[in-house]
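Number of protein chains: 2
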Amino acid sequence: MTAYTDLEAIFRRYYALKGAGSILHWDNATMMPANAGDVRGEQLAAIAEATHEMITHPRLADLFDMADTEKASLDEWKQSNLREMKRLWKHETSVPAKLVSELTKACHESELFWRKARKDNNFADFIPYQEKVLKLVRESAQAKADAMKLTPYDALLDQYEPGAKSAEIDKIFDNLASFLPGFITKVMDRQSKEPTPPIEISGFFPANKQKALGRKFMERMGFDFTRGRLDESTHPFCGGVAGDVRLTTRYNETDFLSGFFGIMHETGHALYEMGLPAQWRNQPVGEARGMAFHESQSLLVEMQLTISKDFLIFAAPLMRETFDVSGPAWEAENIYRLVTRVKPSLIRVDADEATYPAHVIIRYMLEKEMISGKLAVKDLPEAWGTAMHALLRVKPDTDANGCMQDIHWPDGAFGYFPTYTLGAMTAAQLFAAAKKTNPEMGEQMRIGNFTHLFEWLKKNVHSQGSKLSSAELLKQATGQTLDVAIYKSHLEKRYLV
Amino acid sequence: MTAYTDLEAIFRRYYALKGAGSILHWDNATMMPANAGDVRGEQLAAIAEATHEMITHPRLADLFDMADTEKASLDEWKQSNLREMKRLWKHETSVPAKLVSELTKACHESELFWRKARKDNNFADFIPYQEKVLKLVRESAQAKADAMKLTPYDALLDQYEPGAKSAEIDKIFDNLASFLPGFITKVMDRQSKEPTPPIEISGFFPANKQKALGRKFMERMGFDFTRGRLDESTHPFCGGVAGDVRLTTRYNETDFLSGFFGIMHETGHALYEMGLPAQWRNQPVGEARGMAFHESQSLLVEMQLTISKDFLIFAAPLMRETFDVSGPAWEAENIYRLVTRVKPSLIRVDADEATYPAHVIIRYMLEKEMISGKLAVKDLPEAWGTAMHALLRVKPDTDANGCMQDIHWPDGAFGYFPTYTLGAMTAAQLFAAAKKTNPEMGEQMRIGNFTHLFEWLKKNVHSQGSKLSSAELLKQATGQTLDVAIYKSHLEKRYLV
Chain H
6 MTAYTDLEAI FRRYYALKGA GSILHWDNAT MMPANAGDVR GEQLAAIAEA
56 THEMITHPRL ADLFDMADTE KASLDEWKQS NLREMKRLWK HETSVPAKLV
106 SELTKACHES ELFWRKARKD NNFADFIPYQ EKVLKLVRES AQAKADAMKL
156 TPYDALLDQY EPGAKSAEID KIFDNLASFL PGFITKVMDR QSKEPTPPIE
206 ISGFFPANKQ KALGRKFMER MGFDFTRGRL DESTHPFCGG VAGDVRLTTR
256 YNETDFLSGF FGIMHETGHA LYEMGLPAQW RNQPVGEARG MAFHESQSLL
306 VEMQLTISKD FLIFAAPLMR ETFDVSGPAW EAENIYRLVT RVKPSLIRVD
356 ADEATYPAHV IIRYMLEKEM ISGKLAVKDL PEAWGTAMHA LLRVKPDTDA
406 NGCMQDIHWP DGAFGYFPTY TLGAMTAAQL FAAAKKTNPE MGEQMRIGNF
456 THLFEWLKKN VHSQGSKLSS AELLKQATGQ TLDVAIYKSH LEKRYLV
Chain X
6 MTAYTDLEAI FRRYYALKGA GSILHWDNAT MMPANAGDVR GEQLAAIAEA
56 THEMITHPRL ADLFDMADTE KASLDEWKQS NLREMKRLWK HETSVPAKLV
106 SELTKACHES ELFWRKARKD NNFADFIPYQ EKVLKLVRES AQAKADAMKL
156 TPYDALLDQY EPGAKSAEID KIFDNLASFL PGFITKVMDR QSKEPTPPIE
206 ISGFFPANKQ KALGRKFMER MGFDFTRGRL DESTHPFCGG VAGDVRLTTR
256 YNETDFLSGF FGIMHETGHA LYEMGLPAQW RNQPVGEARG MAFHESQSLL
306 VEMQLTISKD FLIFAAPLMR ETFDVSGPAW EAENIYRLVT RVKPSLIRVD
356 ADEATYPAHV IIRYMLEKEM ISGKLAVKDL PEAWGTAMHA LLRVKPDTDA
406 NGCMQDIHWP DGAFGYFPTY TLGAMTAAQL FAAAKKTNPE MGEQMRIGNF
456 THLFEWLKKN VHSQGSKLSS AELLKQATGQ TLDVAIYKSH LEKRYLV
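The listed protein sequences derive, respectively, from chains H and X.
Heads up: take any position in the first sequence, counting from 1, add 5, and you land on the working numbering.
Heads up: take any position in the second sequence, counting from 1, add 5, and you land on the working numbering.
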C-alpha cells in the first residue's frame, strides 16, 4: 500500500456514498411518497456528515504529504487524480466546520423565505436573509481564498468551474457585452422584416407520445437505457451517477417543443456522464471536468445539434408522425424559425439563445460586486434595472421578475452563473471543431446519423474525465483555448446570414 | 451530553445510513437500469462498511460502560433502547472482521453457484460451497455464543428473533410435529368427502386492475400512501424504512388470487413499519421487534384476516366488480374453499396454511443438527427425505425440489426458518386476542370495517417498537406467552369444524 492507494480507497468510498445520495435525490424528485421528506432529510444528512468526516479526517494531510513524494512513480491519470483529490480536500477543509453549518442553515432559511417572498414580490423583507447568506459566503470565500491563494470570487468560481479566473472571464464577457446589444438589435430588425412571422404550433400532445419520441432521439444519440432512465419531475434535471444516469423531464401537453428541447438538453448532460472513464469511477479524475464543460454538453446537444436546420429536417417528419399532424407549421423551416426567434425579456430561464448571455453577464457583474463588498443587497434592485437596461433595453416591472427570479443567490450559489455562458461558448467551439473533422456531419444530421459527433465528443471530452484542466481539455480537443470569436461567429451565422 | 445521548447520536446516523441502503435495495428491485448493478454494489458496500465501522468503533465500549452508570436516570424507553443498542453492538463486534468478510464472500459465491446448481439439480457439486458456508457460520455462531453467553444455535436465532431459545422452540415444535400428521390426514379426508370440489378460478386479470384493487384494500387497512408506495418486482417484498415504506408485488395476469393475497401479506409487514413509534425513528428501540413478530403481522393480515369467510364476504363483490365477472366460482364461499384447500407438497413457498409448519419444522430440526455438527452437508438429502416423509408423507423427486429449494442455507441464513411458524402462531394468538376485545369484529369485517383490528394492533404491537422482549410484548398484548393450543385451535376451527 502506498499513500496514494490509501487516498484512492478513501475517495472510492467517499464517491460511492455521494453516489448513493445522488440516487436518493433523484428518488426525492420522482418516486418518494409525499410525506417522507423528513426521513429522506435524515438519510441525506447522514451521508453528508459521513462524507464530510471522511474527507476532513486529519490523516489526509499526512497522506497528501506522503503521496507527493510518490508522485514520480504515478502515471499521468494518477497524478491528475491526486491533484483533483487535493483540490476537493482544500475546498472541504479550508472553511471552519462552524461556518459551514452556519452557511448551510442560512441558505436553507433564505431559500425557504425566498420562495414566499418571490411570490409576494417582497424584496424588502427578504433583504436580511440575503444579507446573512452573502456575509457568510464572503467569509467562506475568504477562507478558501487564503487556503488556495486565490481571490475570494475566484475561490467561489473554483467550486463550480475549477481553475476559472475572473480576470479571464472579465475579458470574455466585456467582449460579449459590447457585442450583444448591437447584435440583438440587428437580429430583431432582420426578423421583423421577414414577410411573415413563423406559425405558432398548438394542439394537444399526449405525454406518453412525447416520451416515446424523446426516448427515440435519446437512443439514437447513444443514451444507454441499460445504464439510465427517463422519468418525470417538476424541475427537469440529469441526476444519478455516471454508471446509472437518472434523467428527468416535464411534459406540458399543450407545449410540445419546450419539452422536446428540454429532453435534448438533459440528454447532453447524460451522455457526458455515460461517457466518463469507467475505470476511474468513484475517483475525482473520473468526474466531469466542471460545470462549464457540463453545460457545454447539454447546450451542444440543445443549441448546436437539435436547434439546427440539418437536425430539424430529420426530426420534423418524426414529430409529425408521432402526433399525426401536418401542415406548414410542422415544416422543419418553420420550427427552426420558431425556436430561433429573438426578443429581450425579463426572465433568464425563458430567454432565447441570443439574449441569454446578457442575463448571465448581468448576474456575473453584480455578484462579483456583492462578493467584493461594492454592492449592498439593498441596492440590488436598482443595479439590476440599470444593467438590464444597458444590455437588453428592458427593465423589470417587479423585483420578482428582476433580481429575485433565480434561486442561486438565495441559496448561496455565488460563482455559478458564468458557467452557463462559458458552457454555451465551449459548445459552439467543440461543435465547430467536430464539424471540421468531418465535412459530411451536416449532411449526416439530416438523415439522423449523429455517430460522428458523439464519437468525437466521447473521445475528446467525455472519456477525458478530469485528467486535464478545462483550458487544457478545450485546447486539446479544438486546438485553441476559449475563443469568443467562434461563439460570435456561430451567433452571426445563425441569426444574421 | 451524556454517554447515552452520544450513543443515540451514533445510532441515529447508523440507522439513517442503513435506511438509505434500504431505499437503494428497493430501487435495485424496481427501478434500476439493467446494467447498473456494479455501481449499486459499490454504493451498498460503502454504506455497509461505513455503518460497520460506526458500530464497531472502539469508543462504544467506553460509552456503554458509562451509559450503564447513567441507567437509573433513563426512562423505560431509553433503558430499552440501551439494551437493544448493546445487543446489536455485541452481534457486530463479537465476530472478528476477517471472519465476517470470509463469510460474506462465501455466502455470495455459494448463492451464485446454488442458483445454477438448483436449476441443474446438481447437489453433489454444490456440497463444497454449502460446507464452506456452514463451517464459517458455525465459527461465527461460536464467537457470538461466547460473547453473549448463549448456545451457538441460539446466538444465530438471536440475530433474527432476539431472545428466542431453541429449548423453548423445541417444545413448541415437538408439540406441533406430533399434532400435524394426524391433523393433515383428517383435513384431507374431510375435504375429499365434500360433495363437490371448489371451482377453480380462471381468466385474464389485467395487472392495472389487480393493482387498483390491491390499493383499495391497502388504503382501507390503513396503508398511508403519503408514506409509502406500491410497485412491482420479481420477488415481492416490503422494503424501505418505517417512514417511507416501499411495498412490491408481482402480477400474474392469469392467476389473480395468489397476487391478491401476496399484496395483503406484504401490507401486514407495511402496517407494522408504518405504526412503529415515530419519535424513536433511527433508534434500535424504534425498530420492529423481530422477524417472528414481523411475520406475525403479515400472516395476521393474510391468514387470519383476508383468508376468512367474514373478509371474503366483503371482498368477493369487489373482486367481481373489478374484473366484471360473475358466477358461482366468484362466491365468497367458493373462494374460501379454494384458498383453504390442504394437500402436502414438496415446496415450502407453495404450501398451504396447514402443511406449511411441517416444512418449517423439518428445516429447523435439520439446521440445528448441522450447526451442532451432527448432520453433514453430504447427508442432507437423505435426512431431508426421511423428515419429509415423517411429517408430510411425501418424498422429494429431486434435490432441487428437496433440500436445495430455499435460498436461506446457501446464503448462510441459519436460524431464520423457525420465525415463519413462530410468526404464524403469534398471528393466531394476536387475532384471537383482538377479537376477544370486540365481539363485533367478525361482523365488522363483513362490511369492510377493519378499524378495530388495526387500531388494536397499532396500540398493542406496532407502537411498542422494541421496548419489550418478544415474550413480554406478546404477554402484554394477549395476556399470555406463546401458546401452541391457540394456534392448533385456530387450525382445527378453520379446517375441521
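Hints listed in this document are in silico derivations from the structure and should not be mistaken for laboratory results.
Treat the hints with care, as some may be off.
No copy labels: a pair is met if it fits in one copy or bridges any two.
Claimed, not checked - In silico SDA-like links for lysine to any residue, alpha-carbon gap of 20 Å or less:
no., residue 1, residue 2
1, Lys-110, His-413
2, Lys-498, Gly-453
3, Lys-348, Ser-263
4, Lys-493, Ile-177
5, Lys-498, Ala-34
6, Lys-441, Glu-81
7, Lys-121, Asp-80
8, Lys-170, Arg-451
9, Lys-480, Leu-235
10, Lys-176, Glu-258
11, Lys-493, Thr-61
12, Lys-463, Ser-183
13, Lys-170, Glu-445
14, Lys-23, Ala-50
15, Lys-314, Ala-77
16, Lys-23, Asn-33
17, Lys-463, Pro-333
18, Lys-379, Leu-235
Verification of the supplied hints:
For the homomeric pair Lys-110 and His-413, the shortest alpha-carbon distance inside one copy (15 Å) is at most 20 Å, but the shortest distance between copies (47 Å) is not. In this assembly of identical chains, the alpha carbons of Lys-498 and Gly-453 never lie at most 20 Å apart, being 22 Å within a copy and 70 Å across copies at closest. For the identical chains of this complex, Lys-348 and Ser-263 are intra-copy neighbours only, at 17 Å inside a copy versus 61 Å across copies, given an alpha-carbon limit of 20 Å. Only within a single protomer do Lys-493 and Ile-177 lie at most 20 Å apart by alpha-carbon distance; the minimum there is 11 Å, versus 84 Å between protomers.
Within a single copy, Lys-498 and Ala-34 get their C-alpha atoms no closer than 39 Å, and across copies no closer than 50 Å, so neither meets the 20 Å cut-off. Neither within a single protomer nor between protomers do Lys-441 and Glu-81 lie at most 20 Å apart by alpha-carbon distance, with minima of 29 Å and 75 Å respectively. Taking the shortest alpha-carbon separations for Lys-121 and Asp-80, neither the intra-copy value of 52 Å nor the inter-copy value of 42 Å comes in at or below 20 Å. In this assembly of identical chains, the alpha carbons of Lys-170 and Arg-451 never lie at most 20 Å apart, being 39 Å within a copy and 74 Å across copies at closest.
With identical chains, the CA atoms of Lys-480 and Leu-235 are never at most 20 Å apart, being 33 Å at best within one copy and 51 Å at best between copies. Taking the shortest Cα distances, Lys-176 and Glu-258 never come within 20 Å of each other, neither inside one copy (43 Å) nor across copies (66 Å). Taking the shortest alpha-carbon separations for Lys-493 and Thr-61, neither the intra-copy value of 44 Å nor the inter-copy value of 60 Å comes in at or below 20 Å. With identical chains, the CA atoms of Lys-463 and Ser-183 are never at most 20 Å apart, being 35 Å at best within one copy and 70 Å at best between copies.
Taking identical chains as interchangeable, the C-alpha atoms of Lys-170 and Glu-445 are never at most 20 Å apart, the minima being 37 Å within one chain and 77 Å between chains. Proximity of Lys-23 to Ala-50 under the C-alpha cut-off of 20 Å is found in both arrangements, the shortest distances being 11 Å within a copy and 13 Å between copies. Taking the shortest alpha-carbon separations for Lys-314 and Ala-77, neither the intra-copy value of 51 Å nor the inter-copy value of 79 Å comes in at or below 20 Å. Within a single copy, Lys-23 and Asn-33 get their C-alpha atoms as close as 15 Å, and across copies as close as 17 Å, so both meet the 20 Å cut-off.
Taking identical chains as interchangeable, the C-alpha atoms of Lys-463 and Pro-333 are never at most 20 Å apart, the minima being 37 Å within one chain and 64 Å between chains. Within a single copy, Lys-379 and Leu-235 get their C-alpha atoms no closer than 45 Å, and across copies no closer than 55 Å, so neither meets the 20 Å cut-off.
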